[in-house]
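Make a model of the complete structure from these sequences and hints.
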Amino acid sequence: MKKADQKIKQTTPDLTDKLARIAHEPGVYLLKDEDGTIIYIGKARDLRKRLAAYFKNSGHTDMKTGVLVKKIVDFDTIITGNEKEALILESNLIKRHRPRYNVVLKDDKRYPSLRLDLQEDYPSFAIARKIGQDNATYFGPFASAHAVRETLKTINKTFKLRKCRAKDFKTRTRPCLHCQMEGCLAPCCMDVDPRVYREQVNEAIMFLNGRTKDLIAKIEQQMNTAARAQEFEKAARLRDKMFSLQKTIEKQIAVTTDFKDRDVFAIVRAKGFALVMVFNVVGGFLKGTRHFSFEETISTDEEAMGTFIRQYYEKPVTLPKEILVSVEMQDAELIQDWFKTVKGHKLNILNPKRGEKAKLLSMALRNAKNELEELLAARSAEMELLLRLKEKLKLSRLPKRIECFDNSNIGATQAVASMVVFEKGKPLKSAYRKFKIKAVDRQDDYAYMHEVLSRRLGKLKSQPESEVRPDLLMVDGGRGQLGIALAFIRELALADQLDTIAIAKKDEKKGQTQDKIFKPHRANPIAFGKDADLLLFLQRIRDEAHRFAISFHRKRRSKDALQSELDGIPGIGKTRKAILLKHFKSIKKIREASIEQLNALPGIPSATAEAIYQYFYDSEDSGQETENR
Numbered sequence: 068m069k070k071a072d073q074k075i076k077q078t079t080p081d082l083t084d085k086l087a088r089i090a091h092e093p094g095v096y097l098l099k100d101e102d103g104t105i106i107y108i109g110k111a112r113d114l115r116k117r118l119a120a121y122f123k124n125s126g127h128t129d130m131k132t133g134v135l136v137k138k139i140v141d142f143d144t145i146i147t148g149n150e151k152e153a154l155i156l157e158s159n160l161i162k163r164h165r166p167r168y169n170v171v172l173k174d175d176k177r178y179p180s181l182r183l184d185l186q187e188d189y190p191s192f193a194i195a196r197k198i199g200q201d202n203a204t205y206f207g208p209f210a211s212a213h214a215v216r217e218t219l220k221t222i223n224k225t226f227k228l229r230k231c232r233a234k235d236f237k238t239r240t241r242p243c244l245h246c247q248m249e250g251c252l253a254p255c256c257m258d259v260d261p262r263v264y265r266e267q268v269n270e271a272i273m274f275l276n277g278r279t280k281d282l283i284a285k286i287e288q289q290m291n292t293a294a295r296a297q298e299f300e301k302a303a304r305l306r307d308k309m310f311s312l313q314k315t316i317e318k319q320i321a322v323t324t325d326f327k328d329r330d331v332f333a334i335v336r337a338k339g340f341a342l343v344m345v346f347n348v349v350g351g352f353l354k355g356t357r358h359f360s361f362e363e364t365i366s367t368d369e370e371a372m373g374t375f376i377r378q379y380y381e382k383p384v385t386l387p388k389e390i391l392v393s394v395e396m397q398d399a400e401l402i403q404d405w406f407k408t409v410k411g412h413k414l415n416i417l418n419p420k421r422g423e424k425a426k427l428l429s430m431a432l433r434n435a436k437n438e439l440e441e442l443l444a445a446r447s448a449e450m451e452l453l454l455r456l457k458e459k460l461k462l463s464r465l466p467k468r469i470e471c472f473d474n475s476n477i478g479a480t481q482a483v484a485s486m487v488v489f490e491k492g493k494p495l496k497s498a499y500r501k502f503k504i505k506a507v508d509r510q511d512d513y514a515y516m517h518e519v520l521s522r523r524l525g526k527l528k529s530q531p532e533s534e535v536r537p538d539l540l541m542v543d544g545g546r547g548q549l550g551i552a553l554a555f556i557r558e559l560a561l562a563d564q565l566d567t568i569a570i571a572k573k574d575e576k577k578g579q580t581q582d583k584i585f586k587p588h589r590a591n592p593i594a595f596g597k598d599a600d601l602l603l604f605l606q607r608i609r610d611e612a613h614r615f616a617i618s619f620h621r622k623r624r625s626k627d628a629l630q631s632e633l634d635g636i637p638g639i640g641k642t643r644k645a646i647l648l649k650h651f652k653s654i655k656k657i658r659e660a661s662i663e664q665l666n667a668l669p670g671i672p673s674a675t676a677e678a679i680y681q682y683f684y685d686s687e688d689s690g691q692e693t694e695n696r
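Under the working numbering, the first residue of the sequence shown is numbered 68, with each subsequent residue one higher.
No lab work stands behind these hints: they were computed from the structure. Cβ atoms here follow ideal geometry from the backbone N, Cα and C, with glycine treated the same way. Hints are supplied without guarantee of correctness; some may be wrong.
With a Cα cut of at most 30 Å, we get these calculated DSSO-like pairs of lysine-lysine [unchecked claim]: (1) Lys162 / Lys407; (2) Lys436 / Lys493; (3) Lys227 / Lys162; (4) Lys496 / Lys197; (5) Lys461 / Lys526; (6) Lys493 / Lys467; (7) Lys655 / Lys501.
Each pair of labels, with its calculated beta carbon distance range [unchecked claim]: (8) Arg216 / Lys85: 53 to 59 Å; (9) Gly422 / Lys151: 44 to 50 Å; (10) Asn276 / Thr408: 33 to 39 Å; (11) Asp307 / Glu677: 26 to 32 Å; (12) Ala212 / His588: 46 to 52 Å; (13) Gly199 / Ala674: 51 to 57 Å.
Shown next as structure tokens:
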């Protein structure tokens with residue numbers, strides 16, 4: 068027996084025998100708990116040696132790794148031809164299974180980008196939250212909505228590209244306010260040479276690509292040429308553009324003097340958390356920073372960094388030529404090779420020890436440590452609040468995930484309901500759900516709640532493995548709503564798995580000063596006294612559920628009102644109604660449209676366009692006659 072095998076701790080004979088049969092080959096391993104759930108996925112040059120390391124008698128200095136080992140009940144292995152194949156397979160499996168102890172980037176937050184469709188004759192920039200497969204060019208992502216808006220503001224001010232949307236551009240007949248203020252070339256209604264406009268677009272692209280110094284030099288040369296030719300108005304415009312760009316540079320932070328594009332990644336750990344800080348450097352200037360935090364990861368810093376980098380660049384982001392990392396990457400060449408294969412892009416991974424790059428990496432590390440300290444402080448306060456809430460309400464478990472339900476209706480019309488989720492004290496908007504009430508055709512809040520809970524909780528019974536289970540279920544209402552929830556929970560045999568409460572508004576006519584919290588098997592509402600902050604927290608959750616339900620209800624009413632207005636026009640069926648709504652968005656804009664604009668839409672013939680125009684024209688005349696009377 069080899070040395071690595073002699074140090075295996077005594078687990079079950081089956082697991083020990085299984086480990087002894089593992090080949091000394093590269094591949095991927097999947098660690099499982101007692102439920103058969105995959106809790107960690109890793110790659111290895113030598114599968115047997117890597118797995119044996121988890122079961123050494125000497126124990127683990129890393130507490131997290133020790134906790135993980137105790138949960139390992141079984142494992143699977145997949146042998147690959149080489150390390151590169153193992154790397155690719157590991158990435159795919161992590162994305163598919165999202166194991167608890169791996170570094171996994173969440174997709175619940177979309178960073179904004181700038182979109183530019185160069186196939187248009189007169190392209191313009193627009194803010195985009197989602198990068199589509201539409202052959203357009205995207206710049207970003209930016210660190211925040213504020214950052215992308217400020218960048219777009221600078222572009223619009225400096226390069227005077229059109230501001231109107233594509234659909235408005237096609238129908239505009241006179242210059243907009245931006246043109247009148249000399250902030251737009253107005254190609255929508257003025258004779259603008261496409262070559263001149265395209266030059267402005269190219270300059271804007273240079274600016275976004277970090278080539279601002281080259282752009283300033285180019286504009287200065289053009290300004291001097293115009294001055295020598297005594298084209299003083301043109302020279303003045305170029306001067307103003309140059310000054311605007313110089314002011315933009317002054318606001319940016321220069322971090323390197325080689326003016327190269329690079330991304331910087333720094334990882335720090337503390338108290339079960341890992342945080343990766345990302346610096347985006349374009350043309351030597353720091354363009355933005357982002358951070359990503361992970362809980363309960365047992366990967367080493369090197370493993371975590373490698374996994375993070377691959378997942379980060381699998382998303383649609385601008386690709387640099389070079390990245391700096393805060394840890395030594397033994398697999399640097401392997402990841403570089405993977406990057407070239409998967410992305411078709413050459414990438415250098417460096418861990419600098421001196422010079423400008425090392426200083427930049429040190430700055431990223433300081434920011435990462437500061438961000439992690441703030442995260443831990445906030446998390447500590449949140450966990451303290453949840454612990455107090457558990458004690459106050461005498462809950463069976465810590466309410467890490469709270470789901471709150473509310474409904475909204477006017478009579479029995481378009482009844483809807485909402486579910487909001489608070490996880491570890493914070494709203495988790497990606498898990499919010501909205502419901503159209505389908506089975507109840509009368510005004511009955513109890514029946515609405517029964518339907519919604521059956522649709523949500525029914526999945527916990529039918530799909531227990533795929534559905535996330537709430538720790539605390541909360542309904543907006545009094546004892547009646549609580550009774551409905553409890554009855555259904557018992558029906559599904561989930562009573563021992565869910566804590567349930569109801570929250571009802573105070574009745575000021577009866578002299579009540581606080582909202583009421585009801586619990587099962589308790590006649591009176593809970594008195595919070597000095598724990599008013601706990602009640603405020605629950606009210607915040609209830610108010611968020613109410614807001615979400617109301618906004619959905621309003622949207623439904625507005626849509627139905629819009630559709631019913633069009634129903635009165637001859638020749639407007641379902642298809643043509645959809646065409647009009649998709650293009651104009653509102654009745655007001657349809658009412659203001661000319662016959663030519665209506666007829667220009669595909670699927671709207673001349674006769675129908677005239678009917679639409681005449682319908683709203685007659686409506687306006689009728690309204691004016693009524694007023695005159």
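Structure-based check of all given hints:
Using a Cα cut-off of 30 Å, the hinted pair lysine 162 and lysine 407 holds, with the two alpha carbons roughly 20 Å apart. About 22 Å separates the Cα atoms of lysine 436 and lysine 493, which keeps this hinted pair within 30 Å; it holds. Annotation: proposed proximity of lysine 227 to lysine 162 is violated, straight-line Cα distance about 43 Å (limit 30 Å). About 17 Å separates the Cα atoms of lysine 496 and lysine 197, which keeps this hinted pair within 30 Å; it holds.
Taking the CA atoms of lysine 461 and lysine 526, the gap is near 27 Å; set against the 30 Å cutoff, the hint holds. Between lysine 493 and lysine 467, the direct Cα distance comes to roughly 10 Å. Compliance with the 30 Å bound is thereby established for this hinted pair. With a CA separation close to 28 Å, the supplied pair lysine 655 and lysine 501 stays within the 30 Å bound. At roughly 57 Å, the beta-carbon separation of arginine 216 and lysine 85 lies within the given 53 to 59 Å, and the hint holds.
Between glycine 422 and lysine 151 the beta carbons are some 31 Å apart, a value that contradicts the proposed interval 44 to 50 Å. Distance hint for asparagine 276 and threonine 408: a CB-CB separation of about 25 Å, inconsistent with the stated range 33 to 39 Å. In this structure, aspartate 307 and glutamate 677 break the distance hint of 26 to 32 Å, their C-beta atoms being roughly 49 Å apart. Alanine 212 and histidine 588 have their C-beta atoms about 47 Å apart, which keeps the hinted 46 to 52 Å range intact.
The hint said 51 to 57 Å for the Cβ distance between glycine 199 and alanine 674, and at roughly 36 Å that hint is violated.
Going through the hint list in order, the structure does not satisfy hints 3, 9, 10, 11 and 13.
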